[in-house]
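There are 2 protein chains.
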Amino acid sequence: MKVALLGCGVVGSQVVRLLQEQADDLAARVGAPLELAGVAVRRLGRKRDSDVDPALLTTDAESLVTREDVDIVVEVIGGIEPARSLILSAISAGKSIVTANKALLAEDGATVHGSAKKHGGDLYYEASVAGAIPLLRPLRESMAGDRVHRVLGIVNGTTNYILDKMDSTGASFSDALEEAQALGYAEADPTADVEGFDAAAKAAILAGLAFHTRVTAADVHREGITEITATDVSSAKAMGYVIKLLAICARSDDGRSVGVRVHPAMIPRTHPLAGVREAYNAVFVEAESAGQLMFYGKGAGGAPTASAVLGDIVAVARNRIAGTHGPQESTYADLVVHPMGETVTRYHVSLDVADKPGVLATVAEMFAKHDVSIQIVRQEGRGDDAQLVLVTHRASDAALSATIAGLRELDIVRDVTSVMRVEGEESS
Amino acid sequence: MKVALLGCGVVGSQVVRLLQEQADDLAARVGAPLELAGVAVRRLGRKRDSDVDPALLTTDAESLVTREDVDIVVEVIGGIEPARSLILSAISAGKSIVTANKALLAEDGATVHGSAKKHGGDLYYEASVAGAIPLLRPLRESMAGDRVHRVLGIVNGTTNYILDKMDSTGASFSDALEEAQALGYAEADPTADVEGFDAAAKAAILAGLAFHTRVTAADVHREGITEITATDVSSAKAMGYVIKLLAICARSDDGRSVGVRVHPAMIPRTHPLAGVREAYNAVFVEAESAGQLMFYGKGAGGAPTASAVLGDIVAVARNRIAGTHGPQESTYADLVVHPMGETVTRYHVSLDVADKPGVLATVAEMFAKHDVSIQIVRQEGRGDDAQLVLVTHRASDAALSATIAGLRELDIVRDVTSVMRVEGEESS
Chain V
787 MKVALLGCGV VGSQVVRLLQ EQADDLAARV GAPLELAGVA VRRLGRKRDS DVDPALLTTD
847 AESLVTREDV DIVVEVIGGI EPARSLILSA ISAGKSIVTA NKALLAEDGA TVHGSAKKHG
907 GDLYYEASVA GAIPLLRPLR ESMAGDRVHR VLGIVNGTTN YILDKMDSTG ASFSDALEEA
967 QALGYAEADP TADVEGFDAA AKAAILAGLA FHTRVTAADV HREGITEITA TDVSSAKAMG
1027 YVIKLLAICA RSDDGRSVGV RVHPAMIPRT HPLAGVREAY NAVFVEAESA GQLMFYGKGA
1087 GGAPTASAVL GDIVAVARNR IAGTHGPQES TYADLVVHPM GETVTRYHVS LDVADKPGVL
1147 ATVAEMFAKH DVSIQIVRQE GRGDDAQLVL VTHRASDAAL SATIAGLREL DIVRDVTSVM
1207 RVEGEESS
Chain A
787 MKVALLGCGV VGSQVVRLLQ EQADDLAARV GAPLELAGVA VRRLGRKRDS DVDPALLTTD
847 AESLVTREDV DIVVEVIGGI EPARSLILSA ISAGKSIVTA NKALLAEDGA TVHGSAKKHG
907 GDLYYEASVA GAIPLLRPLR ESMAGDRVHR VLGIVNGTTN YILDKMDSTG ASFSDALEEA
967 QALGYAEADP TADVEGFDAA AKAAILAGLA FHTRVTAADV HREGITEITA TDVSSAKAMG
1027 YVIKLLAICA RSDDGRSVGV RVHPAMIPRT HPLAGVREAY NAVFVEAESA GQLMFYGKGA
1087 GGAPTASAVL GDIVAVARNR IAGTHGPQES TYADLVVHPM GETVTRYHVS LDVADKPGVL
1147 ATVAEMFAKH DVSIQIVRQE GRGDDAQLVL VTHRASDAAL SATIAGLREL DIVRDVTSVM
1207 RVEGEESS
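Line order of the protein sequences matches chains V and A.
When we follow the working numbering, the leftmost residue of the first sequence carries the number 787, and every step to the right adds one.
When we follow the working numbering, the leftmost residue of the second sequence carries the number 787, and every step to the right adds one.
For reference, chain V alone in the conformation it holds in the complex (with noise of 0.2 Å):
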């Protein structure tokens, strides 16, 4: 079996040392030797972390994919091109391909699942969400048989980073921020990660497979972490919740449409996901029979995302010695993916209000207008004005936004100083 490898990265170099490590134990798995056909880099010069024999070494990655001797040929390029038309080329020529690649699948899966569909390979891509974490063959095959309602995870380590640093030394948003880019948990741009877009990305994926139906990037609601104040994660604290970037996937209580979505939100600290520390990922699903399973570990990282290329290429390897290829994208289900508005859960409100009787009167009112039920208040005077916190029963976010609309239009409301949404509650 000869496996050609595209981009010899943080990731890349790693699958290129385990392949030449765990040679014999590979071989005794497959049931013949995995031999590394070629390595397509950018540039030839530059020095590398791994023992690659440089005559494996190429530019030119697109004759690469389509030799006739390579049968597997793995992705860990990133990004949208040349990752697309290398891949596509691949499939063409009759090559099984791993992929690593999150922004391809999210944005265009269509296009690369469809070619894989069309020319009958395998297509597989377990490190694309959650690194390290078998998550992927878990939803698609173990999972198969069981109807899935709801997807939490926490798969962007670097903001989880930042939110546990917030949360346990009471340091504000930028100064986690610093020391997550002095540790490497983040880049020097940090955009991606802090403002969701890796875990938009994620959560389209971790979406079709949970639902058997088709989301890309561009469905999915995103908002990131720039804006949580220390103030924030220390009121929630206090509220016995713990403040996570969460990918939420799920479905409508009528079953037939579903909800995308990544944004910060509060947990109760006695929910399994409250304990992910630090840069670790896991990924909470609750299914009809099944219950609520969890999955935890690294999300990031050359060897453990490399660890998941291994385990895809063992797989892809077999199918292709029995003739045969492993289950393709499934979206009979062709659900329609309903606009945040829709989506119905529980939000914790704080309002600074002028602290004169009638001020929780007029307040309330206003969430009655808009059908937000209110489940706790609590209120605090601070001389001439009084900080109002609310938790609300579920509601709609259309209705959510309504109210908070509405109380802002409020004299007595000086300022909403947050909103957030609380999830992994069993009544939420």
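Per the computed footprint, the stretches of chain A lying under chain V, defined by three or more beta-carbons under 8 Å from a beta-carbon of chain V, are:
no.	segment
1	812-825
2	920-930
3	1080-1090
4	1109-1121
Worth flagging that the hints you see were computed from the coordinates, not collected in a lab.
A virtual CB, placed ideally from N, CA and C, is assigned to each residue, including glycine.
We have chain V; now place chain A onto it with these hints.
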């Protein structure tokens, strides 16, 4: 695709229900409808939870499993016989097998797997360990490109429920057991659970998958939880530990042998397994490249177990349609299972000693004589007596046993009140 079901109890009746309720989804995922061909039961007249068509019931299981129109045989009877004979007949007749039978696979996996290999048929058993948690497929497939070092699992919900109650309420073992029985978490005869037999069978299956070798239930060192006292639990708590019944499968330091054991152990409260409450299961995996992974969910119950069975049914049905089969048992590594004495871990030892000068020196000398190094000592006076609590560095079980035997011989040691292994710390 015609499915024959052996057994229609707690799990079987849920399998019937799901096959009926989710027929359309299952057909779309498989690519062909799944039809129930027959259900073998012991007695025809019994009242059942499911709406199984009485015309499908039969007491002649042997004829059902070899019936020409049957494609897939699902065994949820449990126990060694008649399950083994029926499965072997079905395999010989070319059927694909889905089973939840941990006892059979742990005691005589060689015969069953051997027959499946010989006839080229599928034998899937996701439900046999940790119920609904997708665990065997990830170990067998997702991690096929990695090297697993260690598996630490809470794989028995009954004992986890009991230990969790003891931890959270201070209850005694017998009171917690009674509560578990009242709630249906424990059987009237709880031996299989509380003595660790159930966990040992699962440990054997996990070790075989994780290390690509054959392990049987007889290879597993087994200790139950009946001797755990409320005092053990509270002293563990005082030191930041929680006591769990763990199934531990570990490669030796030189990689040439494996140890497989089930026993109560202290783990730090910061360990991800420490937060596994009530009757939930979780399995923690340490692999060379992937790092630390955890899988969490419901380990038992009709619907959760049926979810895992259905996932396997979908997989073997897809394989049948594609004219192929999934990965077969992988035992190429053929590792030795080392005896418990060679297991290396840390220990927590409590002693009642005479409260006089020189006692600690004498005790410490006994540990040193057997090359067991002490990490922490805590001494508390109690009038004439004192309590000594010691935590060791890593030592072999044989060395620790010799130390304990030596301590018992000392006049100044009134009693060895507790010896417990400490797991889940970086240094262990």
